[in-house]
Structures are given as C-alpha cells and as structure tokens.
Amino acid sequence: MQLAWRVDEGSKVKLKDYDPDFVDKYTDRALASAEIEKLSEELGELQQLLAAAQHHSLLIVLQGMDTSGKDGTIRHVMAQVNPLGCEVRSFKGPTSREQGRDFLWRIHRVVPGRGMISIFNRSHYEDVLVVWRRRYAAINDFERLLSQNDTIILKFYLHISYEEQEKRLLARQVDRTKAWKLSSADWAERKYWNDYQQAYGDALSKCSTDEAPWYIVPANRKWYRSLLVARTLVSTLRPYKKEWQAKLVKRGEQELARIEKLQQVGDNPVEAKPLLRG
Amino acid sequence: MQLAWKVEAGSNVKLRDYDPDYVDEHSDPALARAELEQLGKELGELQELLAAAHHHSLLVVLQGMDTSGKADTIHQVLSRVNPQGCEVRSFKVPTSRELDHDFLWRVHRVTPGRGVIGIFNRSHYEEVLVVRVHNMVPQEAWSRRYAAINDFERLLAQNDMIILKLYLHMSYEEQEKRLLAQQKNQADAWKVTTADWAERKYWDDYLQAYEEALSRCSTDEAPWYIVPANQRWYRNLLVARTLVSTLRPYKDEWEAQLVERGERELLLLAQLGHLEQSGNRKNKSSK
Chain A
1 MQLAWRVDEG
11 SKVKLKDYDP
21 DFVDKYTDRA
31 LASAEIEKLS
41 EELGELQQLL
51 AAAQHHSLLI
61 VLQGMDTSGK
71 DGTIRHVMAQ
81 VNPLGCEVRS
91 FKGPTSREQG
101 RDFLWRIHRV
111 VPGRGMISIF
121 NRSHYEDVLV
131 VWRRRYAAIN
141 DFERLLSQND
151 TIILKFYLHI
161 SYEEQEKRLL
171 ARQVDRTKAW
181 KLSSADWAER
191 KYWNDYQQAY
201 GDALSKCSTD
211 EAPWYIVPAN
221 RKWYRSLLVA
231 RTLVSTLRPY
241 KKEWQAKLVK
251 RGEQELARIE
261 KLQQVGDNPV
271 EAKPLLRG
Chain B
1 MQLAWKVEAG
11 SNVKLRDYDP
21 DYVDEHSDPA
31 LARAELEQLG
41 KELGELQELL
51 AAAHHHSLLV
61 VLQGMDTSGK
71 ADTIHQVLSR
81 VNPQGCEVRS
91 FKVPTSRELD
101 HDFLWRVHRV
111 TPGRGVIGIF
121 NRSHYEEVLV
131 VRVHNMVPQE
141 AWSRRYAAIN
151 DFERLLAQND
161 MIILKLYLHM
171 SYEEQEKRLL
181 AQQKNQADAW
191 KVTTADWAER
201 KYWDDYLQAY
211 EEALSRCSTD
221 EAPWYIVPAN
231 QRWYRNLLVA
241 RTLVSTLRPY
251 KDEWEAQLVE
261 RGERELLLLA
271 QLGHLEQSGN
281 RKNKSSK
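Protein chains in written order, with the numbering used here: chain A, 1 to 278; chain B, 1 to 287.
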C-alpha cells in the first residue's frame, strides 16, 4: 500500500525530485473516499486505545506552503477522532512573553501528555524556515526528549507545486465563500517560493530521524493527500494496538483483583451479622 | 579572590577531594559580613541593568543535601535584589499532569524570560538524584537524562541565558549537627521531618549521584560550582562572589545597550519635535 514518502534519517532531500501530482495506480477518487471513511473510523478506535492505555502520546506536525491544505487535512482525516483526546495547536507570531524565551518554550508547553493526540498546524519548524541554522540540532534534541518519553511523532510536509498554489489563490478570489481566507501576505510570500523550498529541503534533510521521521505528501490532489496522511497515520499506530490492548487487559485484571479483595474484607461483617443476632 | 570551585567540562568529580569546611585565609566572619553587604548591593545594581537591557536572563540552580542551606542562601544573598525581576521556583513531587509529560516539561515552563533572574531551589537535577537513588524510574531512563539535560541547557544558553549551578557541599557530620539542632530549637522544629533522617541513610548513594551529575553536566555554557557549605557565612560569601563575578563582565555590554537605546529614543523624540515645530509654523502661516 502506498504511503506518504518517508524521509530516511541522513538523506538529502531535493523537493523537485518529488512529484506533487503523484497518484498511485491502484487508487482513484471514488475508492479513496470509501477508504478514508474506513481509515478514519479505525483511527478513532486507535485513539480510544491510546487514550485508555495512557502510555504513549501522539504528535502530528503539519507543514506546507500556504494553501497546501493543512486545515483541510485535519478536517478530513481526524473527523472520527474524539475531540476530548485531541488538541490542534497553531502557532502565530510569538507574543512578547514568548519572544522572551527560547523558540521551543512555547512549543514544549503544549506538547501532548500521555494518552493525548496533538496536531501542530505549523510548528517549531517555522523557526528554521525563517530563521537560524543551529536550531536544527536543538529541534532534534527536543524531539528525542519527547520520543524517549513515549511520544509517537509524525511530521508531514504537504507538497504542492508552484502552479497549484496559484490556482488555489485565484480560486479563493473567485469564490465568495472562500474569500475570507485571502491575505495579501500569501501573494507576497509566494515571491520567496524557491527560498522556502530550499529551507524545507534542509529541514526535512536535517530533522528526519528514526524517532521523529518526516513524510512528504504529494498534495496537489486534495483527496489523495488526505488519503495518504490517513494511511500513514493508521499504519504507524496499528503496530501499537496489541500493546495497548494488553495493557488494558492487565489493568482490568488488577482492578478486578482489588475489587475482590475489598469485597472479601466487606464480606466479614456481613457474615458476622447472624452471629450477633444469635 | 576565592570563588566557588568551578567544575570544568569533562572533569571527573570526586566529592571527597573537596573540603566542606574550607575557608580561604583572607576571610573571616566579620570581614565577610561587610563584603556580603557590598556584593549584595552590586548584585542589586547588576540586576537592574539585566532587567533594563532585557537581553540576557539568569538562571541559578541550587542543589544540595537536606539542611545544606539552599533556602537560607537565597535569603541571605538575594535579599538586595528587586523581587519584581526575580522568581524563585521550587519543585515538589510532580503532579499527575506533570507526570504525563517528559521530565523537563514542567521545568521549561518556568525558565526565566529575558531580563529576569530565575532561582531554582532544587531543579531538574532531582531527576538524576532522588529519582536515581530510589530507583523511581529504570536505570535506562535516568541514565539518558544527563544528555537530555545538557541539550536542554544548551538551548537555554543559546537563547542568552546565563546559567550558574551551585552545589552546596556539606559533610555528613555537619548534617547530623544541623538536624539535631533543629530538633532542640523550638523555633526551628517546624523544619524537622522524619524524612530527613530517612534520606540520610542514602548519603553515599546521593554523593555518588551528585558526582555523576556534576561530572556529566558541567559544560562551558552551564557550569557547576561546588560551594564549601559547612560554614554558613562562607557559603553565602562564595555564592555572592561567584554570582557577581559572573555577571560583572556583562555590565559594559548592558550599559552600552541602554545608551544606544536612549540615543535612538532621543533621536525619535527630536524628529517628532521637529515635525511638531514645522507643523506649528505651517499653521501660523496659513492663518
């Protein structure tokens, strides 16, 4: 089954080698929507286990150029997930309180606790797209800390083409219902397309690790993008299923044993009653 | 001038090589009081500059066995510092929400922002001290925390945090004296806990854990200092000296930043004034 393209640790990513239009030959739009339906149901079940087992947490980082579909992906893929156990975080321009600290301070505050899913709609990676170099190492250190604490980390780069972005920006201008999404900043940022592509290439190359891998998602077709994200998520979580279930069974047994004990203690006075009566 | 003993990066600390009773030959309690007074004043001035320049932050980590005088050191050395720019944080047993995260999560949240002094009365180092001594997590978990701590402190230092870590070094015998004294003195008796006597049984384990923490986590950007702490007055003096001598080199930089900012503001004001004047003139001529 075709998943998003995983960036192996230590590889050198050239984004132009990845086709944003890619669709695998076994998939078409109609099949995809049925499959997404199934996958997001499975995701909902996996999340329930994750929350109950209370051992791992899941961090999903979504990055991509403007209009690449970060919001749409969240909406389509996470539709069946219980919002009680899932937080979406977006990171705007830092407040002055945030600016007074290192760039990971505001990120660290909102990482998911055990049993939780957090989705970062944009993330600490913005801080290497726009700024410094030594931050790659700091990010790797940080993500290692999280993964050592049982956070499962998945990072998706939604890969659209320059032409596709233009289409989407223009579509927003045409469609009244989408016009609110418009911002002149999008057109301004578009001038830096090549710089961004290079910065993304660097970030994906330097910060894809075994414990926190990057995935490149061909994202020109929205339906295929959502499908690949869903597939990649589910196939990452599925191997944990047995472990979580085993934990729950064990905890259940412990609780049952405890209840039995309590009942035995509670039974004694009941047995004593007839004696008293007699 | 004698400072606290700095642990050089990469060195292998054996605490028995450091004398907790040490006092340098130029100091005595009376001289120390006067010097501490002076140093406290200078520290207050340096803090004002730190706060105004709003570029660096300062983190002071205080660690030491029970009764080694962490709270007292804060009280004696930092009493001249403006409390508005100084936060003291103690770390108790983690809450269940804190336990749901990595061990640095709750620490990172309370690190000082630019211009602020943060004092950690106990710290993330407990995660390789008490946690290690009492096997609260498996060895494989605590042993990788040293590297995580170094990574974390590097991140802070790269963000212009000045980091000082002080280990208050007291002897086993001195601790016994202090615990007994606390029990005798009604006014101090509230400090007494049976846990202190219980923890004392693990003294050697703690020393070993401290040695490893000091050896593995003393770095150029976040050095450990060993403070001989059997003599309270000398402990306070060395902490104050070490703090001041660490901050002093930044003084020129901070002052320069303030001067520069002042000039910029004056220039802005002058430009505004100029605009106002020309505006007035225009108004007059139009009348």
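Mixed in with the good hints there might be a few duds.
[Stated by the list, open to error] Listed next, with one range per pair, are the computed distances between beta-carbon atoms: (1) A:R122 / B:D205: 56 to 64 Å; (2) B:Q257 / A:E45: 55 to 63 Å; (3) A:G93 / B:A147: 26 to 34 Å; (4) B:S11 / A:E45: 36 to 44 Å.
[What the hints assert, rightly or not] Pulled a few chain A residues facing chain B out of the computed Cβ check, cut under 7 Å: (5) G100; (6) R101; (7) D102; (8) R109; (9) G113; (10) S118; (11) D141; (12) N149; (13) V249; (14) R251; (15) G252.
Derived by calculation from the structure, the hints in this document are not laboratory data.
Glycine included, every Cβ here is placed at the ideal spot set by N, Cα and C.
To see whether the hints hold, each was checked on the structure:
1. A:R122 / B:D205: 56 to 64 Å: violated (46 Å)
2. B:Q257 / A:E45: 55 to 63 Å: holds (57 Å)
3. A:G93 / B:A147: 26 to 34 Å: holds (33 Å)
4. B:S11 / A:E45: 36 to 44 Å: violated (53 Å)
5. G100: holds (3 Å)
6. R101: holds (6 Å)
7. D102: With Cβ-Cβ at 4 Å, under 7 Å, it holds.
8. R109: This hint holds: A:R109 lies near chain B, its Cβ roughly 6 Å from the closest one there, short of 7 Å.
9. G113: holds (3 Å)
10. S118: violated (11 Å)
11. D141: holds (4 Å)
12. N149: Holds, about 4 Å.
13. V249: Where the cut-off is 7 Å and the nearest Cβ of chain B is about 22 Å from A:V249, the hint is violated.
14. R251: Because about 16 Å separates A:R251 from the closest Cβ in chain B, which is outside the 7 Å limit, the hint is violated.
15. G252: Not OK, violated: A:G252 not within 7 Å of chain B, min 20 Å.
Of the numbered hints stated above, those contradicted by the structure are hints 1, 4, 10, 13, 14, 15, listed in ascending order.
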